[in-house]
Amino acid sequence: MTTINLPTIMRQHTGGAKKITASGRTVGEVFSAVGHDYPKLGEQLTSPEGGLPVFVNVFLDDEDIRYLDGLDTPVDERSDITILPAVAGG
Amino acid sequence: MTTRLAAGMREQMIKHAYACHPEESCGLLAGPSDGDVQLVFPTTNILRSSTNYTIDPREHLSAIREADAAEMEIIGVFHSHPHTVGYPSVTDVSLAPDPTWVYLVVGMENYESPSVRGFRIRDGEITEEVLEFEESIT
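The listed protein sequences correspond, in order, to chains A and B.
First residue of the first sequence? That's 1 in this note's numbering, and the numbers climb one at a time after it.
First residue of the second sequence? That's 91 in this note's numbering, and the numbers climb one at a time after it.
No lab work stands behind these hints, which were simulated from the structure alone.
Any given hint could turn out to be false.
[Said to hold, decoys possible] Chain A regions said to be covered by chain B (calculated; three or more residues, Cβ under 8 Å):
1) 2-12
2) 59-66
3) 76-89
Every residue, glycine too, gets a C-beta built ideally from N, C-alpha and C.
Please put together the full structure from these sequences, using the hints given.
Following this line, the structure appears as C-alpha cells:
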C-alpha cells in the first residue's frame, strides 16, 4: 500500500486522518482508489479533464510528479505521496 | 482571535521582505495545530514578481517535513506587499488555501517602517487577527 500524506485542508474528508493508504501501480491509480474510499477527497485530486488540478502539488517521495510522468508516474508499496496545496497570492 | 509569535519572528519576516524587495517575499508558519507560531520558514517566491507570489513547492515540502519532525503543522503563511499596505488583496482572498491558517502581511507602503498584520480568511471574509509578539512563547 502506498502512503498518502494529506494537508490539513483535505483531512476533513478523511475523518481527520493525516495519512491514508491506497493501492495502485501509478499515482493516478492510487488516486482512483482514494476516490473510492473517500469520494470528496478524490474529487480534489484530479481535474475535470482528468489531469492534476492547478492548485495542488503532488510529490512522490522527493519529486514533483509534474516533472515525472504526472498521474502516470509509477509507484510501489514503499512509495510516499505528499499532497500540498499551492500557496499563492498577490 | 489572537496569534502569538516570538518577538524575533517579526524581524525575521521584515528582513526577508527587505531581502526580496522590490519583489514580494513569502514564507510559511508552523506550530501546534491549534496553537501559536513557533517556526518561520522564509521561502522563495518562484514568480519573482512585485505583485504576486507563489511559494516554491519543494521548499513547502521541506517545511512540512521539518514541522512534522517537531510534531507541528503548517498553520499559516506570510508575504509582503512591497509598495502597499499590509492588508489582503483580492488575489490573496481568492487563492487563500486553508481557512484554518493565519495570513500575515508585511506592508511596506512606508519602506523605512514596515508593518506586520495578521488575518483569517474564511469563505472570502477577512477578519483581522491580534498579533502578540513576545520574548518567549514556549
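query = With a Cβ-Cβ cutoff of 8 Å, does the segment 76-89 of chain A contain at least three residues near chain B?
reply = holds (count 7)
key: Proximity test - 8 Å, beta-carbon atoms, the segment 2-12 of chain A to chain B, at least three hits   = holds (count 4)
inquiry  = Tell me whether the statement that chain B covers the segment 59-66 of chain A is true, taking a Cβ distance below 8 Å and needing three residues at minimum.
reply    = holds (count 3)
Hint check: no violations occur; every hint is consistent with the structure.
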